[in-house]
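Starting from the given sequences, assemble the full structure and let the hints guide the process.
2 protein chains.
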Amino acid sequence: MFSTAELGQKLSKKEFKKIETVLRRELLEAQRQLRERALTPVIIIFAGVDGAGKGMTVNRLNEWMDTRWLINRAYREPTDEEIERPEFWRYWRDLPPKGRIGLFLSAWYSKPVLDQAYGNTSIFQLDKRIDRILAFENALAEDGALILKFWMHLSRDAQEIRYKMLEKDPLLSWKVTKKDWDHWRRYDTFIAAAERVVMRTNMANAKWTIVEGSDDKFSGISVANTILDALRKQLDKSQENNNTTTPMPNTTTLTHSGNPQKLQSVVNVKGKPQRDNKPVQLLSSKTVFSHLDMSPCLNKPDYKLQLKTLQARLNLLHRNALQIGISTIVIFEGPDAAGKGGAIRRMIPALDPHIYQVLPFAAPTEEERAQHYLWRFWRHLPRAGHVTIFDRSWYGRVLVERVEGFATEQEWCRAYSEINDFEEQLVMQGSVLVKFWIHITKKEQLKRFKARQKTPYKNWKLTDEDWRNRAKWKEYEMAAHDMVQYTSLPTSPWVLVEGNNKYFARIKVLQTLVNAIEKGIASVVS
Amino acid sequence: MFSTAELGQKLSKKEFKKIETVLRRELLEAQRQLRERALTPVIIIFAGVDGAGKGMTVNRLNEWMDTRWLINRAYREPTDEEIERPEFWRYWRDLPPKGRIGLFLSAWYSKPVLDQAYGNTSIFQLDKRIDRILAFENALAEDGALILKFWMHLSRDAQEIRYKMLEKDPLLSWKVTKKDWDHWRRYDTFIAAAERVVMRTNMANAKWTIVEGSDDKFSGISVANTILDALRKQLDKSQENNNTTTPMPNTTTLTHSGNPQKLQSVVNVKGKPQRDNKPVQLLSSKTVFSHLDMSPCLNKPDYKLQLKTLQARLNLLHRNALQIGISTIVIFEGPDAAGKGGAIRRMIPALDPHIYQVLPFAAPTEEERAQHYLWRFWRHLPRAGHVTIFDRSWYGRVLVERVEGFATEQEWCRAYSEINDFEEQLVMQGSVLVKFWIHITKKEQLKRFKARQKTPYKNWKLTDEDWRNRAKWKEYEMAAHDMVQYTSLPTSPWVLVEGNNKYFARIKVLQTLVNAIEKGIASVVS
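Going down the list, the protein sequences come from chains E and H.
This note's numbering puts the first residue of the first sequence at 663, with every later residue one more than the last.
This note's numbering puts the first residue of the second sequence at 663, with every later residue one more than the last.
Just so you know, not all the hints are guaranteed correct.
Any copy, or any two copies together, can satisfy a pair, since identical chains are not distinguished.
[As the list claims (entries may be wrong)] 30 Å max Cα-Cα, derived DSBU-like pairs, lysine-lysine: (1) K1164 x K962; (2) K680 x K1112; (3) K676 x K1136; (4) K841 x K672; (5) K899 x K869; (6) K966 x K1109; (7) K676 x K879; (8) K680 x K1116; (9) K1164 x K1109; (10) K869 x K790; (11) K773 x K790; (12) K1120 x K869; (13) K680 x K899; (14) K1105 x K948; (15) K1104 x K1134; (16) K672 x K948; (17) K970 x K1181; (18) K1105 x K679.
Source of the hints: derived by calculation from the structure; they are not laboratory data.
The following block contains the structure:
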């Protein structure tokens, strides 16, 4: 899930300065209102990879905000006093009261992740600790606390470079200890533990924001902006609850985004606070898709050859899977005209019609609307050994339903963990689950739409809705970014397929699927 | 916790008939409205001890309600179809749609409890299963489903009697199998597992109701009445949300009680539906306190002798506890003038002033009100080896705050699990936790109030508030009953002290405390 925070996002010094000025003013104003109205305690947690700028971010916030109403908390080994009480005593006594903001460094997340990374706890013990965190945060959130959690990310390589740079500087080399290198050597197990913890503690009322930590100017602005957004939302909400219709001074209602990197913010280009509800795109916000190299191509002869080989392989494999009872569940998501149907049609010839089905999902039926949104997918789960292909899926909740407003923010926010729970059950039961996001560029989509208009037998495929969706390209991309971020479990990651070249995309899909089924069979047979 | 459902509550045939007539009419009406407005799915679960009448209750509901809109589900070993899918697939496909009621027999609660009782799972595995249930029910409840869960209880002896009676009847003996007797022999482990499951799955949006199952007429009416209450509440709520001000036909707003045995219901004595908001007390509702034998006395010489002995013992023990670092936390709750202060004063002479403190709790301070309600108790947790006596405690949330409306129903409902989580942390950390409810009869309280009025140096103790609280005796008793029910964990049970005789009460308190500290020390030393 953290790969969504390896996009190389940066801010120049000039950009940083420009935003900083406005952001500081607005942060102070929000903080003032929070304090005067003594609305709610604000609990902000900074966890993540060492060197990703947790400490620097806390320092910056102290610089930018009114320190009289900030509480900073970092934790070392428990004191005598603390050892003699339950583990959470130190956190309880440090909680900020209503109207104040507490900045917590790692806090209750540090030990569970590290103990797991160092192999000191079993998965059950880790889960037990996660339960305790959930109960703690939930009790506070239900009581009205605003909880914001930032996971500051850095790739393994970036962490190494950061440490080496620090070591070279005689004034900063003290910052890197032997322990830091120990941690670094365990980067992968650390990340695996962190993914589980972050995923399972990502609640609608205490959400994680994953922050790219490679550029401290970017991450600083990104964090501060998310905090400002959340504070304003809280202030607006309480305003509504009070039934006062007078608008707050100096504030803007900002469209909330689940996406941290999206700096839809605060200020317009001239640095003036906005007065309407439209967020302004300050930076070209990057998504995980901006990272994709969309150039790879495959020529027709190569494509044909590989297609044949892979189809033969798939045919063999899916019959083996049937014999040992391994089900395969394949999901396709992606923009309109990305080539989902085409990819599916290249799979079908390889499959035995007795044991596969393709299920297209559009708007739910009346019967389905009378149930929980996951119900219609549960009912279609395949029998052992069967192959089910979902052309669009349960991710509609966090894509189209989110963007079009068919689901409330509450609803799509909690869908991430509901979906993770659902997929965990599928995988635990032994199914092979493969999730494809076929991506195309906006330009490529236009080309395909126009081609459809011209080709009589493809004409029906293009509807007004397709054009309407295209107009919301950015919103859909943001939603998809969040989806990839919050639902890429180690056991069911998203596979991003570069789809501008159809041949390439189809082969990548087939190859991935074949590999996944092979792996699934091997895990049972061995 | 289930001992609160061993009160021997009964209904005569005549009483039953009278209530049944009205209840049926009202149930049908509520069901009709639910269906016509297709408001929400209703999921009702019946779990509990075999022989406590789960099946009979489901049958009765089918008799009383419109079966066209009822869905009955009982589960045996999973079918081929079901084995090939994740465990919860069978439950997902059986879910009722909006406007319908699903009656589920044991369902997803059966296997976790039985596997644990038979020693097939570890506590970690049980907790993992509980997590899955929580995620499942929470997803449905957040989506708007109304979830009601009934735990039908029967004591070990009552179960034995029930089985033997059935076995004697040639027409009914088929009902008792070898498996039933196997289960019965494991009654205690079964109950221990069930307590953990019920306690941990008792959520504000999916609450358990513990039902005394020894008299099927009583349990049938009790269950149906709780269902009716919940349906009406749901209907009223949706009415409010729709902003329609027209009252619903044929319905009454009923005061909700967390207490299942409290038949504050539906009908007045003449069997007419109520038109106002006042609940009518149909039966003399019993609480766990009605079970207490309030007669035991102790004469003064015996009291003095035992007091001396126990104080000496306590002195020795609490110094031992200090040496090995075991903290002791003692809680006192009970009606005004129950003798909490007197009991505390008899402990103090035995304690070293360096290592104990008595903390009286009344209304929270301003500083405390700016925090979560548990915060002010967390901050007073003792250092290792110390003794802290709480004169009133965190249970204020579910007692005075509930009765006086200082906490919303949402707030005090979720407090049960928050408190359980809190106390679990205390016990896990090694503290000895003893919770006393000192009980007196209403008559005894009056006597003491009058004595206070007359005795000049006790006069100050009696305030107007005491009289006001006395007027709400029944509500306070109900709240205390629910408290005992939902927060008597195996590791921190409530100790009910018969307080009409002060000598007896003080000795019972001291004796219990001494035993608890002894046990705590032994568990560390051994």
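Do the hints match the structure? See the list:
Proximity of K1164 to K962 under the C-alpha cut-off of 30 Å is restricted to the intra-copy arrangement: shortest distance 10 Å within a copy versus 96 Å between copies. Proximity of K680 and K1112 under a CA criterion of 30 Å is satisfied in neither setting, with 41 Å inside one chain copy and 75 Å between copies. Only within a single protomer do K676 and K1136 lie at most 30 Å apart by alpha-carbon distance; the minimum there is 26 Å, versus 70 Å between protomers. Taking the shortest alpha-carbon separations for K841 and K672, only the intra-copy value of 29 Å comes in at or below 30 Å, while the best inter-copy value is 68 Å.
Both within a single protomer and between protomers do K899 and K869 lie at most 30 Å apart by alpha-carbon distance, with minima of 18 Å and 29 Å respectively. In this assembly of identical chains, the alpha carbons of K966 and K1109 lie at most 30 Å apart only when taken from the same copy (24 Å versus 97 Å across copies). Taking the shortest Cα distances, K676 and K879 sit within 30 Å of each other inside one copy (10 Å), while across copies they are farther apart (79 Å). Proximity of K680 and K1116 under a CA criterion of 30 Å is satisfied in neither setting, with 48 Å inside one chain copy and 77 Å between copies.
In this assembly of identical chains, K1164 and K1109 lie within 30 Å of each other by CA distance solely inside one copy; the values are 13 Å within and 90 Å between copies. Taking the shortest alpha-carbon separations for K869 and K790, both the intra-copy value of 20 Å and the inter-copy value of 22 Å come in at or below 30 Å. Proximity of K773 to K790 under the C-alpha cut-off of 30 Å is found in both arrangements, the shortest distances being 13 Å within a copy and 21 Å between copies. When the C-alpha separation of K1120 and K869 is checked against a cutoff of 30 Å, the pair qualifies neither within a copy, at 43 Å, nor between copies, at 54 Å.
In this assembly of identical chains, the alpha carbons of K680 and K899 lie at most 30 Å apart only when taken from the same copy (29 Å versus 50 Å across copies). Taking CA atoms no more than 30 Å apart as the test, K1105 paired with K948 passes inside one copy only; the shortest distance there is 17 Å, against 73 Å between copies. Taking the closest pair of Cα atoms, K1104 and K1134 come within 30 Å of each other only inside a single copy of the chain (11 Å); across copies the shortest separation is 69 Å, beyond that limit. Proximity of K672 to K948 under the C-alpha cut-off of 30 Å is restricted to the intra-copy arrangement: shortest distance 10 Å within a copy versus 68 Å between copies.
In this homomeric assembly, K970 and K1181 come within 30 Å of each other (Cα to Cα) only inside a single copy, at 21 Å, whereas the closest approach across copies is 74 Å. In the homo-oligomer, the alpha carbons of K1105 and K679 never lie at most 30 Å apart, since the shortest distance is 34 Å inside one protomer and 75 Å across protomers.
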